[in-house]
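Visitor: Go ahead and model the full structure; you've got the sequences and the hints to work with.
Those sequence lines, one after another, are chains A and B. Taking the working numbering as reference, the numbering of the first sequence is continuous, increasing by one, and the terminal residue is 1284. Taking the working numbering as reference, the numbering of the second sequence is continuous, increasing by one, and the terminal residue is 914.
Hints listed in this document are in silico derivations from the structure and should not be mistaken for laboratory results. For clarity, every value in this text was computed on a predicted model and none was experimentally measured. By construction, the Cβ of each residue, glycine as well, lies at the ideal position given by its N, Cα and C atoms. Just so you know, not all the hints are guaranteed correct.
Far from chain B by the CB rule (all over 12 angstroms, computed), these chain A residues [what the hints assert, rightly or not]:
| hint | residue |
| --- | --- |
| 1 | 1213 |
| 2 | 1217 |
| 3 | 1218 |
| 4 | 1221 |
| 5 | 1234 |
Partial selection, computed: residues in chain B whose CB lies under 7 angstroms from chain A [said to hold, decoys possible]:
| hint | residue |
| --- | --- |
| 6 | 548 |
| 7 | 551 |
| 8 | 637 |
| 9 | 890 |
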Amino acid sequence: MSIFETAMLATVSVFVGAGCVTVRPEQRAVLADPIMQFQGDAREAAQRQHVIENREGSFGGSSVKGGGCGCN
Amino acid sequence: MRRSPAKPSARLVRLALLVALMSFWGIRASYAQAVELDTRVLFFHEPAKGSTMTVYTPSADLTVRPWDFLSVSAGWEADIVSGASERVKAGPLARNPDITSGASVKDTRHMARGSFTVKREVTQLTIGGSDSVENDYKSRSFNAAAKTDLFQHDTELELAYARNWDTICDAVHTANTDPTLRQPLDDSSRCFDPSAANRAERPIRTDAFQLSWSQAWTPELVTQAVLTGQLQNGLLSDPYRAVVLTAAGQFAQEHHPDNRAREALALRAAYYLRSLKGAVRVGVRGYRDTWNLWSGTVELEGEKYLLPWLRLRASGRYYNQTGAMFWSDDYTGGEPVHGPRGQYWSGDRELSPFSSFLVGGRALASWTADERRIAGIFQALQAAVGLDVLFYAYRDFTLAGRAPEDTRAYIGTLSLTALF
Chain A
1213 MSIFETAMLA
1223 TVSVFVGAGC
1233 VTVRPEQRAV
1243 LADPIMQFQG
1253 DAREAAQRQH
1263 VIENREGSFG
1273 GSSVKGGGCG
1283 CN
Chain B
495 MRRSPAKPSA
505 RLVRLALLVA
515 LMSFWGIRAS
525 YAQAVELDTR
535 VLFFHEPAKG
545 STMTVYTPSA
555 DLTVRPWDFL
565 SVSAGWEADI
575 VSGASERVKA
585 GPLARNPDIT
595 SGASVKDTRH
605 MARGSFTVKR
615 EVTQLTIGGS
625 DSVENDYKSR
635 SFNAAAKTDL
645 FQHDTELELA
655 YARNWDTICD
665 AVHTANTDPT
675 LRQPLDDSSR
685 CFDPSAANRA
695 ERPIRTDAFQ
705 LSWSQAWTPE
715 LVTQAVLTGQ
725 LQNGLLSDPY
735 RAVVLTAAGQ
745 FAQEHHPDNR
755 AREALALRAA
765 YYLRSLKGAV
775 RVGVRGYRDT
785 WNLWSGTVEL
795 EGEKYLLPWL
805 RLRASGRYYN
815 QTGAMFWSDD
825 YTGGEPVHGP
835 RGQYWSGDRE
845 LSPFSSFLVG
855 GRALASWTAD
865 ERRIAGIFQA
875 LQAAVGLDVL
885 FYAYRDFTLA
895 GRAPEDTRAY
905 IGTLSLTALF
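Guide: In structure tokens:
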């Protein structure tokens, strides 16, 4: 089995396993808190990401909104 | 080289008026349940002797939610840049190190953007676009994202796509001119002027796709996996930059491949610490592209409530990348450290092998009205101030053999968001 097939199998297994997980509605208060959000302040994250990525050769893993350059 | 501030194009003004009208219509026609005004500014400063770079990025966004299922947003953002950059990149073996003298850069980019989001019980669709213009670059973009919740909201899947139609100004090159003889663009004057005989417009097309999966595992633990792909086609080098190609000092315009395919996978986790009333967030990202540039990123953040209305965030980020396959610090010497790398050449430090480290913090205060509005006007208010410091360590990049001085940068952020 190739690395790709192994990774796909692992991903599908974890995803199917996720269906067995249940966080009850009354337990979701913490999850709804802004400090538990990965993009809690999306505009701040986008601005910071723009200036940081302008100085790196990499891209991705956060959001895709389009709009080029401002490449200073 | 001096680039003067750009005047917003007529289409940009029309777009801004259109989105403003849409927002106003949203307020008037619907007895708006909520109107949010977000204003912020980012300040970037890279101090260095002779090549200081300063960027201000102010923005304002207005979001109207006339009904629970719909929100319409319109905004404006600018990049106001002043600084200097090296016009000709020479390597340590070049005979003319003074050729790297800095050239002043002044430019302003204006961007108008808008989007609308339609929500149902477990699904959400967002369509948006933007239009931006600066002296030497125009961009028009479209983006769409669809999101759905599964398994009683514990699982969230999002599929996003963005397309850019960009145009960059370039010097005129006749079709059969060898790239080693092409000269760089001298300045941005008369860019996009159809009557300018020495100016050309080159297209850049970008398609980006993203799939993300967020999963709540316990009442305190949530994870996220994000897979991003991007395809770029067009002039992907800096038209102003030249690279010294021979020991005699002959230089030519920077020359990168016209195509680039990029992919990244990010994995994140957030865990709530009840005893501390705070959360820790960790993230890793791997990246590679068809220029054989690989990178890895590790992020660590902690955020904690000091008071019910005040929270503090501390963040750290480590980044490391290899160089692009055609990267060299000197195209005039021999392999492997110095010397030619085939048919492409670059003076771009972003394609050189380096690492960077970021430390920062942010304080955020938020107030929500109870029965009476804050100051009789606001349903909620939020203000934040942040500062990050970035350190760069270039393993190969030099300016004619000298280590660059601009290896530290500061990022300041200030924001105020009001909900009416």
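Visitor: Against this structure, judge whether each hint is valid.
Guide: Structure-based check of all given hints:
1. 1213: Given a closest Cβ separation of 20 angstroms, the condition holds.
2. 1217: 17 angstroms, holds
3. 1218: For residue 1218 (chain A), whose nearest Cβ neighbour in chain B is about 15 angstroms away, the distance exceeds 12 angstroms, so it holds.
4. 1221: Check passes; 15 angstroms lies beyond 12 angstroms.
5. 1234: Violated, because the least Cβ-Cβ distance between residue 1234 (chain A) and chain B comes to about 6 angstroms, which does not exceed 12 angstroms.
6. 548: 9 angstroms, violated
7. 551: Holds: closest Cβ of chain A sits about 6 angstroms from residue 551 (chain B), inside 7 angstroms.
8. 637: Nearest chain A Cβ about 5 angstroms off; hint holds.
9. 890: 13 angstroms, violated
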